[in-house]
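Using the sequences plus the hints, can you model the full thing?
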Amino acid sequence: MKAGGITLEGAGFTYGSVSALAQLAAADTAAEAGADIADIDLDIAPGSAVLLCGPSGSGKTILLRLLGGLAPQLHPGTVAGTVTVSEQEMPGLDVHRVVEVAAIVFQNPRTQFFTTDVAGELAFGLENQGMERPEILERIRSAIAVTGIAGLLDRRLDSLSGGQLQLVACTAALAQRPGVVLFDEPSGNLSPASIDLLATVLRGLKDAGHTLVIAEHRLAYLDGIIDRAVLLADGHVSEDLPADRFFSLTDEQRRARGLRRLQAPTVGHVRPTAEAPPAPDDGDGDGLVIEDLTFSYGRTLVTDIPHMEFHRGTITALTGPNGAGKSTLARLICGLAKQDSGTIRLDGKVLRPRARNRASSMVMQDVGRQLFGDTVTADITMGLSATEREALDLPALLEATGLTGLDDRHPQSLSGGQRQRVAIAATAARHAPICLFDEPTSGLGFAHLLGIGAQMRALADRGAVVIVITHDDELITEVADAVITLTPPHPRKG
Amino acid sequence: MSEDITDHPITTPNGTTAEAALPSIADVEAVFRSPARVPDPRTILTVLLIINATVLASTAQIVAYAALLLAVICLYTVRPRYGLIALAIAALGTGLALAGQAWPTPVLAFLGVIGHWTARFTATAAFAVYALTAIRPSVLVASLRAARFPRFVIVPITVIFRMFPTILREAGAVRDAMTLRGLHPGPLPFVAHPIRTGELLIVPLLSSVIRSGDELTAAALVRGLGRPERPTSVFALRFSIADVILGLAGAGLIVLALTTGESVA
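Heads up: the protein sequence lines correspond to chains G and L, in order.
Heads up: the first sequence begins at 883 in the numbering used here, then just goes up one per residue.
Heads up: the second sequence begins at 6 in the numbering used here, then just goes up one per residue.
Read the hints as simulated data drawn from the structure, not as lab findings.
One or more of the hints may lead you astray.
Here's a subset of chain L near chain G, in silico, CB distances under 7 Å, partners left out [claimed, not checked]:
1. LEU27
2. PRO142
3. SER143
4. SER213
5. THR237
Just so you have them, the derived chain L footprint on chain G, three or more residues with Cβ under 8 Å [stated by the list, open to error]:
6. 993-1005
7. 1031-1039
8. 1091-1098
9. 1130-1143
10. 1238-1251
Computed spacing ranges between beta-carbons, pair by pair [to be verified]:
11. L:ALA197 <-> G:THR1257: 19 to 29 Å
12. L:ILE67 <-> G:LEU956: 51 to 61 Å
13. G:ASP1089 <-> L:MET168: 36 to 46 Å
14. L:MET168 <-> G:PRO1235: 22 to 32 Å
Please read these numbers as outputs of a predicted model, since none were measured by experiment.
Quick reminder that beta carbons are idealized off the backbone N, C-alpha and C, glycines included.
This is the structure:
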């Protein structure tokens, strides 16, 4: 089963199904995954590493689903041509037999585990195949030797960071000893430090002789890992480049192809920027000023900020390693959490948590959680006062956020990118002086990144304090005016 | 996201330096064994049944006290704080019950009845919390498989353990989003407009839980869930001294309930 070759001849996939209900479901997944694909010819040699890239909606995801046997079994549709993975014809293969051919590492580390602890998860796929105990133990041991996660073996999954979870997913994939490992945007939710580790593990998998197919938006970390880059556009293979030629595309060439940047920034992971200089008068400086802010969970001090400023009309990126307290600071700023001590002032006025609730709006990482209306219009105007509704120029707002024509759709029926824009429009409609974005670009392509950047700029130009929590150094370089790097607080006595 | 990944240094995975860090089979095996101080899930679930049955069926106060003592001790071994909280609640309930007996005014008698049942239910609740905390879902699945339970029993149990925390986390996030939109999900609006508030909470919650569920399903299926062969289980099941102690305590509770029950009858 080490074979690991992949052949596609005239392969294509069209979302849709004969039954009306399934058609509805398919339209939904199609909205998520983007365009159909057609006429794909690919020949991937055993042991090679291939990148699938291209703008959002170019067909990467569906191609990967086709290779992994998820389409058409779980995502109904029509297959054309042939798709062969490790000498196994994929379309029509029972989903539970995919485990014999390929392993898949998904984008979202929180939803790809079936058990609650690392050890159980590593054993899960092997137990399902009815494997004997000694063989399971040996396979787990040798998989750990490649990924180096021996230290995590006895941990619960909910105690791990996103990066650690992706390494566990890689280890579980490896323990299956598949010929082929497929990756669906594995770095989507990871911090730069975690991406470095993922890169190390990918290199290890490749050295161990596995065939790797990686669908990705973030590209720079794959330099030195992939042999070849397959570029997709509108559901077709537009270019097929060897790695050295791919990574020597100029900045203009990669932008023209809608790709994220190919080289990591030269100085560290983010622009080295000190905190904004202290305001000349700390009494009525405009914007958000934090003084001596502390917050603890139980006895663990998670936030300890002597002084920090976020100015109106400015996009400030809030970055730093996992565990630095970025999310907690965001919760404190918008009043979802109450500080133990210290003050948060807006334009010189001290705001208590309730007032901060009213002054803030947040575009969450998973925007599905914050869409409450039964139409796009209802959602955008929900919670506004009568006078605010009067003042709102809805058509202009829909136009600015690219939602024209969708005003009567149910927000939950839209694609991920559209849902996010509804949340942004609702934020803009509220005219909240503080706008927070939590990892808005995870798993998004270059065009979307620029689009979100433009939305943030529009909010800032109206005088809002725009704060974006992000690991995405490319977003930071493209849009941020200031960068604040949080570090975990030093525990203090007493 | 409790800690950064760099807390666990990763050896370079190119085989040369990894050799030194390669865990032995015994190391790996140890992970699939529960520590001896944790009883087997089957013992815990049996004693949970015993506590429920005796506390509800027996009229003797001594049985309730004994069950409570057992539950609090067990809970204390895994979550000391919860153990003390359970003890405090039970003490308050018992105090009210005794006060109601001593001074049977209408108000105190009423509170006394509530206190009496609070104290009794604290025993079952405390032991249920203990069971949820102490039972490792993987070990539970292994023991159910060993007992040859059919798949349609085992898979839903696994899903409950897996999805419950997810649902709670999503509900918390939806609540946050409601707060920021000025759709205050506090108790008052909920009482005033239960359907409206419920709808606001449920639609985003369902949508995000369903999305997670779809992803989870795909991940589980491509890893062979539902294959025709009988799944094996790598977790070693064994009865330890902890099972003997807990089992004897459970048996003692039955004996106590039967003997005191007879004397009452």
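Going through the hints against the structure:
no. : hint                               : verdict
1   : LEU27                              : 5 Å, holds
2   : PRO142                             : 5 Å, holds
3   : SER143                             : 3 Å, holds
4   : SER213                             : 4 Å, holds
5   : THR237                             : 5 Å, holds
6   : 993-1005                           : holds (count 10)
7   : 1031-1039                          : holds (count 6)
8   : 1091-1098                          : violated (count 0)
9   : 1130-1143                          : violated (count 0)
10  : 1238-1251                          : holds (count 9)
11  : L:ALA197 <-> G:THR1257: 19 to 29 Å : 24 Å, holds
12  : L:ILE67 <-> G:LEU956: 51 to 61 Å   : 57 Å, holds
13  : G:ASP1089 <-> L:MET168: 36 to 46 Å : 37 Å, holds
14  : L:MET168 <-> G:PRO1235: 22 to 32 Å : 31 Å, holds
Of the hints listed earlier, those the structure fails to meet are numbers 8, 9, in rising order.
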